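Taken in sequence, the protein lines are chains V and S.
Position one of the first sequence corresponds to residue 1 (this note's numbering), numbered consecutively onward.
Position one of the second sequence corresponds to residue 1001 (this note's numbering), numbered consecutively onward.
Keep in mind the hints are simulated off the structure, nothing from the lab.
Hints should not be assumed to be uniformly reliable.
[As the list claims (entries may be wrong)] Below, computed lysine to any residue pairings styled on SDA-like, alpha-carbon distance capped at 20 Å:
| # | chain 1 | residue 1 | chain 2 | residue 2 |
| --- | --- | --- | --- | --- |
| 1 | S | Lys-1096 | V | Thr-32 |
| 2 | S | Lys-1061 | V | Pro-144 |
| 3 | S | Lys-1332 | V | Leu-30 |
| 4 | V | Lys-5 | S | Asn-1245 |
| 5 | V | Lys-132 | S | His-1056 |
| 6 | S | Lys-1096 | V | Asn-136 |
| 7 | V | Lys-147 | S | Lys-1096 |
| 8 | S | Lys-1188 | S | Asp-1288 |
Only a predicted model underlies this, so the values are computations on that prediction, with no experimental measurement involved.
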Amino acid sequence: MESSKTDAIISIIRQEFESEIVHIEQPYDLLTITFKPERIIDIIQFLYSHSELQFQFLTTLCGIHYPDQNQIAVVYQLHNLKTNQRIRLKIFLSADQPQVSTLTGIFSAANWMERETYDFFGVTFIGHPNLKRILNVEDMIFFPLRKEFPLEDQTREDKNDALFGR
Amino acid sequence: MRAEDSISPIVPPEEKQYSYLNLGPTHPATHGIFQNVLKMDGEVIVEAESTIGYIHRAFEKLAERRPFYQITPITDRMNYCSAPINNIGWHMTVEKLLGVEIPKRVQYMRVIIMELARITDHLICNAVIGVDTGALTGFVYMFQQREHVYEIYEEICGARLTTNLGRIGGFERDFSPKAWAKIEKFLKEFPEVLKEFEKLLVRNRIFMDRTIGVGGITAERALNYGFTGPNLRAAGVDYDVRVMNPYSSYEDFDFTVPVGTQGDTYDRFMVRQAEMWQSLSIIRQAIDKLPAGPFHADVPDFYLPPKEEVYNNMESLIYHFKIVMGETDVPKGEVYHSVEGGNGELGFYLISDGGRAPFRLHFRRPCFIYYQAYTEMVKGSMLSDAILTMSSMNVIAGELDA
Chain V
1 MESSKTDAII SIIRQEFESE IVHIEQPYDL LTITFKPERI IDIIQFLYSH
51 SELQFQFLTT LCGIHYPDQN QIAVVYQLHN LKTNQRIRLK IFLSADQPQV
101 STLTGIFSAA NWMERETYDF FGVTFIGHPN LKRILNVEDM IFFPLRKEFP
151 LEDQTREDKN DALFGR
Chain S
1001 MRAEDSISPI VPPEEKQYSY LNLGPTHPAT HGIFQNVLKM DGEVIVEAES
1051 TIGYIHRAFE KLAERRPFYQ ITPITDRMNY CSAPINNIGW HMTVEKLLGV
1101 EIPKRVQYMR VIIMELARIT DHLICNAVIG VDTGALTGFV YMFQQREHVY
1151 EIYEEICGAR LTTNLGRIGG FERDFSPKAW AKIEKFLKEF PEVLKEFEKL
1201 LVRNRIFMDR TIGVGGITAE RALNYGFTGP NLRAAGVDYD VRVMNPYSSY
1251 EDFDFTVPVG TQGDTYDRFM VRQAEMWQSL SIIRQAIDKL PAGPFHADVP
1301 DFYLPPKEEV YNNMESLIYH FKIVMGETDV PKGEVYHSVE GGNGELGFYL
1351 ISDGGRAPFR LHFRRPCFIY YQAYTEMVKG SMLSDAILTM SSMNVIAGEL
1401 DA
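Using the sequences and the accompanying hints, generate a full structural model.
Here you go:
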């Protein structure tokens, strides 16, 4: 990826949302911008409808739990299929009560992706038409992809972690 | 879930009564375990709601505890109709994270395997569309060919359905002469069968009547719903990861991306059919151009050394032990890699914190994303068309739930 292309994108975003940007990086050539969570939907709408950017395809939407910072990140990956430009947007929410506006108004695809993120991380997407669990059973009270949720039954005694790995 | 609970009650006109129908979770026509609650007016679907998660196995959570090589068998079980693509996609993600240079020969061998997998994936889908329109004959012919591909897998990795094929860095062994012979045999025999299958259905009046204009979706809606793969191309968008972001030397091969216009069942069928021909041509080119060289990259930290060296060489023994116990740390990083799976863009979003297992691994499963459009696509259509729409979208339950 040429750096001039990404520089152009960054400058367009900077012009409009300078105060919202927290961090910009490019791990493995994929432009990643961290924003403050409040106006993320406006930002994505801007990326969607801007005549030069046209990020009109939602590739992924998922959550990440950072237990040390007590934060949950929501990651949006958008793709401009005309110029083959990808962008990754991140927001960090407090893990105690993660809340963000829904993206379903722009992308229909966000519907189940947000339900999945809610299901596994407990992120509430405000304004989502049908925010309920999607893969897990409905009466589950945990959010299983959070790091504090044990992968195996912690009461097991027949398995010694010191011998068989973490 | 009870049928009545799932759909928000709409006040019906006084004299009208709707019936509710459970399509699934275990229904022969759904070809997988997922439920659709249909609100029916006679035989017409008024409203639908899908419930998924019946075979959810928490792969993303499992992956957070496993060393990288142990995640490969997990990926098998996503789209089990084209497991090698998932395996190789995962290997390539890890290789991208590690920054490993893969020999040309390995890349070409991977292309051969991935295209074989694409053929099996598409042929099952198309054969099943035939079954759902009432033509069982073609299905039997096509399934026999899938068997031949599975025999090729067997020759290469020993497994058939859930292949766990290849290693991080390449293949566990070079293809045997027997495997090459089987690939050649398949390349010779399959076109005949495929041609016969096309004769059976493509211009068949009944088949055309049943599929044209059924379950259509416009390109705009398809993009908005995150469609990828043959389903998106049937709607007329020529997005193919193999062309747009070539991986594993796909840029070396000459092939076209077939597109449809209507995005209906017939177009999806035809796009898959055309892609099988393209895949055959890619395999042919890859075999003809296959360079000589090693069948794996030089990544001693992740690629198991040969057994003789493990017994006779100190370094190899250490590497072997570290790999098997999963004690090799990987670089920190955040990487997204996608391949063109049987159903579309299969993506791996991997975050590594430098430990032995991923900090977070998210699978972009194309099925999961496009299946949510199903309720919109079947609204107002007949029940029998809804079943056809589902089979032509090629919804694989394993990929849906992960």
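Here's how the hints hold up against the structure:
no. : hint                        : result
1   : Lys-1096(S) <-> Thr-32(V)   : holds (17 Å)
2   : Lys-1061(S) <-> Pro-144(V)  : holds (8 Å)
3   : Lys-1332(S) <-> Leu-30(V)   : holds (15 Å)
4   : Lys-5(V) <-> Asn-1245(S)    : holds (16 Å)
5   : Lys-132(V) <-> His-1056(S)  : holds (16 Å)
6   : Lys-1096(S) <-> Asn-136(V)  : violated (32 Å)
7   : Lys-147(V) <-> Lys-1096(S)  : violated (26 Å)
8   : Lys-1188(S) <-> Asp-1288(S) : holds (14 Å)
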